[in-house]
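2 protein chains.
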Amino acid sequence: MIPDALSHGQFVTVYNFLSLVIAAQLFTAVFLVISLPRILPRYRNAITVAIVVCGIAAYHYFRIFDSFRSAFVTKSVGGTGTYTQAVGESFNEGYRYVDWLLTVPLLLVELVAVLALARKVQSQLLFRLVPAAALMIALGYPGEISGDNTVRGIFGILSTIPFLYILYILFSQLSKSLKNQPIEVRGTLSRLRFLLLLSWGVYPIAYLLPLLNIAGSDAWVYKQVGYSIADIVAKAVYALIIFRVAKMKSYADDREFAAIETSREDAAPAARSSASNTV
Amino acid sequence: MIPDALSHGQFVTVYNFLSLVIAAQLFTAVFLVISLPRILPRYRNAITVAIVVCGIAAYHYFRIFDSFRSAFVTKSVGGTGTYTQAVGESFNEGYRYVDWLLTVPLLLVELVAVLALARKVQSQLLFRLVPAAALMIALGYPGEISGDNTVRGIFGILSTIPFLYILYILFSQLSKSLKNQPIEVRGTLSRLRFLLLLSWGVYPIAYLLPLLNIAGSDAWVYKQVGYSIADIVAKAVYALIIFRVAKMKSYADDREFAAIETSREDAAPAARSSASNTV
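Just so you know, the sequences run in chain order A and B. When you number the first sequence by my numbering, it's gap-free, plus one each residue, and the end is 374. When you number the second sequence by my numbering, it's gap-free, plus one each residue, and the end is 374.
Certain hints may be false.
Chain copies aren't distinguished; within one or between two, either way the pair holds.
[Stated by the list, open to error] Below, in silico cross-link-like pairs of lysine-lysine (DSS-like), each with a Cα-Cα straight-line distance of 27 Å or less:
id : residue 1 : residue 2
1  : K342      : K318
2  : K318      : K215
3  : K318      : K271
4  : K215      : K271
5  : K274      : K318
6  : K274      : K215
7  : K215      : K342
Note that these hints are calculated values from the structure, not bench results.
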């Protein structure tokens with residue numbers, strides 16, 4: 096639930112974190128749009144999806160930011176007053192769920208797309224991961240908007256079932272596909288799953304704060320900050336790692352492309368070896 | 096008609112669905128703009144039209160969202176008040192009709208363009224479909240804005256005539272053209288017509304709710320949610336399927352392009368078979 100009042104420090108903390116997320120998502124998207132020609136066409140779909148994910152998140156954080164600004168009014172003149180709930184406005188937590196409903200399935204699409212698996216294997220993985228991700232978010236929402244801790248707990252548990260299923264697929268089924276990846280990206284891809292587990296793990300913790308009797312304005316501020324950091328890691332940082340994987344795979348697939356893209360010092364031995372091959 | 100009051104839950108539901116549509120249309124358009132080079136030039140007109148359709152829809156949903164926000168004011172302090180109609184503001188349902196008047200004919204242009212038919216056949220189809228689609232929307236509007244159920248019923252029936260004509264063209268005339276499509280897209284294209292029928296079918300149902308004596312704020316909320324979901328399916332999901340068809344047709348038309356674009360695992364056999372063909 097939204098607190099009735101925030102201190103100046105609490106207000107500014109949430110304010111600045113929400114703005115940080117907008118900047119992080121928007122300019123990760125911009126970076127990736129510009130960098131798209133620097134990977135081979137077969138990996139561009141993964142990065143296009145990453146751009147869309149960061150764009151959707153930026154859009155929703157603009158909305159969340161506006162909703163937060165109009166939900167609180169300051170009581171005293173100057174910069175150190177307290178902020179109280181504005182009359183007739185409430186902070187809309189629903190934006191986060193609309194955002195996750197769209198982006199979380201797409202995060203899994205990114206991961207599967209950058210693997211560039213055979214079409215059939217890819218379809219099988221997505222057919223399992225995407226509905227599970229959507230179900231996970233949809234089941235969390237009734238608990239989030241409910242003021243009742245029992246309802247929150249029940250939907251929290253229900254939402255955990257598809258989450259565990261996603262983890263099972265990522266850590267058992269996907270491991271088979273990892274063996275076919277170029278050796279230099281296997282480690283990165285494997286660690287990427289842990290980044291995903293780590294950042295996704297923040298959401299249930301923030302979700303469960305009210306159940307742990309950690310309530311009041313502090314808990315609410317922690318929740319907003321927690322969701323903000325998790326969204327940056329799970330979308331922007333994640334996208335940059337996916338891009339790195341796409342770049343490394345592009346170089347492994349096509350040595351000529353690698354020579355053009357990389358620095359002269361890196362490229363020199365490759366050029367020499369290809370020259371010696373010709374001889 | 097617009098209800099006099101909405102509960103907090105009803106208000107938030109409409110609010111979040113309208114925002115969801117903005118995100119879905121806007122980022123489908125972004126995805127398609129970035130992905131345009133990933134299909135052959137001959138299919139890019141279809142996708143360009145799809146981008147324009149999603150863009151127009153995003154624009155109108157920004158307007159609808161703003162109109163909705165200013166049409167209702169909350170009565171009580173805090174997050175659980177009820178919302179009543181604002182004095183001097185009304186929700187503008189007309190935006191939807193302006194949107195449909197522009198986008199619905201274009202949705203049919205998308206479908207015909209991705210088929211890449213002979214110029215003459217294409218012109219004949221569009222000459223029939225586009226005016227019928229515009230007429231269908233134009234005839235629905237007087238009924239929508241009328242408070243009188245008889246007027247609503249009459250224009251509902253008049254509007255159904257061009258709708259049935261469009262279905263007749265899609266399911267009889269277009270079937271002949273489907274036979275000339277590559278075998279791997281025939282099924283998708285055939286199912287696409289059913290998606291169109293299914294999503295377009297939501298509009299008359301929402302339109303007729305007042306005639307069925309389902310009135311009041313619940314009916315109005317269902318109508319807004321129904322229109323929102325139908326617009327996502329009929330424009331964004333539809334556009335992504337059209338893009339998929341364009342991609343599959345591009346690969347079927349040009350094996351070299353397919354080898355560059357698809358994964359190594361998929362491309363390898365194709366490259367091998369084209370090499371053996373050369374020998």
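Practice item. Find the hints from earlier in the document that the structure breaks and name them by number, from lowest to highest. Key: Of the numbered hints given earlier, those the structure breaks are 1, 2, 3, 5, listed in rising order.
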